[in-house]
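Heads up: the protein sequence lines correspond to chains A and B, in order. Residue numbering for the first sequence is 1 to 115, as defined by the numbering used here. Residue numbering for the second sequence is 116 to 229, as defined by the numbering used here.
Just so you know, these hints were derived from the structure itself, not from any lab. There may be inaccurate statements among the hints.
[Said to hold, decoys possible] Among chain A residues calculated to face chain B with C-beta under 8 Å, some are:
1) S27
2) F45
3) R64
4) Q104
5) G109
This structure is a prediction, so every number in the text was calculated from the model and none was measured. For every residue, glycine included, the Cβ atom is placed at its ideal position computed from N, Cα and C.
Listed below, chain by chain, are the residues.
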Amino acid sequence: EAGVTQFPSHSVIEKGQTVTLRCDPISGHDNLYWYRRVMGKEIKFLLHFVKESKQDESGMPNNRFLAERTGGTYSTLKVQPAELEDSGVYFCASSQGWSATDTQYFGPGTRLTVL
Amino acid sequence: QQQVKQSPQSLIVQKGGISIINCAYENTAFDYFPWYQQFPGKGPALLIAIRPDVSEKKEGRFTISFNKSAKQFSLHIMDSQPGDSATYFCAASIQYTGRRALTFGSGTRLQVQP
Numbered sequence: 001e002a003g004v005t006q007f008p009s010h011s012v013i014e015k016g017q018t019v020t021l022r023c024d025p026i027s028g029h030d031n032l033y034w035y036r037r038v039m040g041k042e043i044k045f046l047l048h049f050v051k052e053s054k055q056d057e058s059g060m061p062n063n064r065f066l067a068e069r070t071g072g073t074y075s076t077l078k079v080q081p082a083e084l085e086d087s088g089v090y091f092c093a094s095s096q097g098w099s100a101t102d103t104q105y106f107g108p109g110t111r112l113t114v115l
Numbered sequence: 116q117q118q119v120k121q122s123p124q125s126l127i128v129q130k131g132g133i134s135i136i137n138c139a140y141e142n143t144a145f146d147y148f149p150w151y152q153q154f155p156g157k158g159p160a161l162l163i164a165i166r167p168d169v170s171e172k173k174e175g176r177f178t179i180s181f182n183k184s185a186k187q188f189s190l191h192i193m194d195s196q197p198g199d200s201a202t203y204f205c206a207a208s209i210q211y212t213g214r215r216a217l218t219f220g221s222g223t224r225l226q227v228q229p
């Protein structure tokens, strides 16, 4: 069974540009999460989809970030316009349910560098 | 405000030694405490987890010790091997209405020297 995949693996953009990250969850997983890790710090929650609905977007830093999950399959996270502080590794995770014991499976991440 | 504090930031252990990573939390509403292991170029993967009504959980060479009154928990890796070299994250999980949130520590980079 394929795991969570993310594209691209790396992205280097200039401040003010737009970047779109993509996540393909494990097939059948209704729950999809986005997280971000800024250099050396904790992995921080951004938002949670259940199917195509945003269940919790309390972690989104500001309105420059837009996440979508049309059709309840893959998800995209767009940053527009990108700022220097947006640099970091963006992880996507998916799970079947959202109980405590429902394991979140993480993708390899997208390393975003904003110059 | 960081809700889960993890230490040390980095750790070097000799092969065969014991690796210990500590975490502390403040919110008593957390109800599940997983540990994740991350190898370079990979995403974090669940390693072992514990509920707060259990003081210890062991899986092979990995043990979680949990102290509810002190609001602390730790990961012990016995007989550490070079293949254990990775970044380890503690986490705490909390349930809200219709959703669950996972809060991570800042990570510990473990290097096991042969």
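Hints, verified against the model:
1. Taken as an interface hint, A/S27 does not check out: its beta carbon lies about 17 Å from the nearest beta carbon of chain B, beyond 8 Å.
2. A distance limit of 8 Å between C-beta atoms decides the matter here; for A/F45 the minimum to chain B is near 6 Å, and the interface restraint holds.
3. The interface hint given for A/R64 is broken, as the beta carbon of that residue sits about 22 Å from the closest beta carbon of chain B, more than 8 Å.
4. Interface restraint check: A/Q104 against chain B, minimum CB-CB distance 7 Å, threshold 8 Å, status holds.
5. Taken as an interface hint, A/G109 checks out: its beta carbon lies about 6 Å from the nearest beta carbon of chain B, inside 8 Å.
The structure does not agree with the numbered hints 1 and 3 stated previously, though it agrees with the rest.
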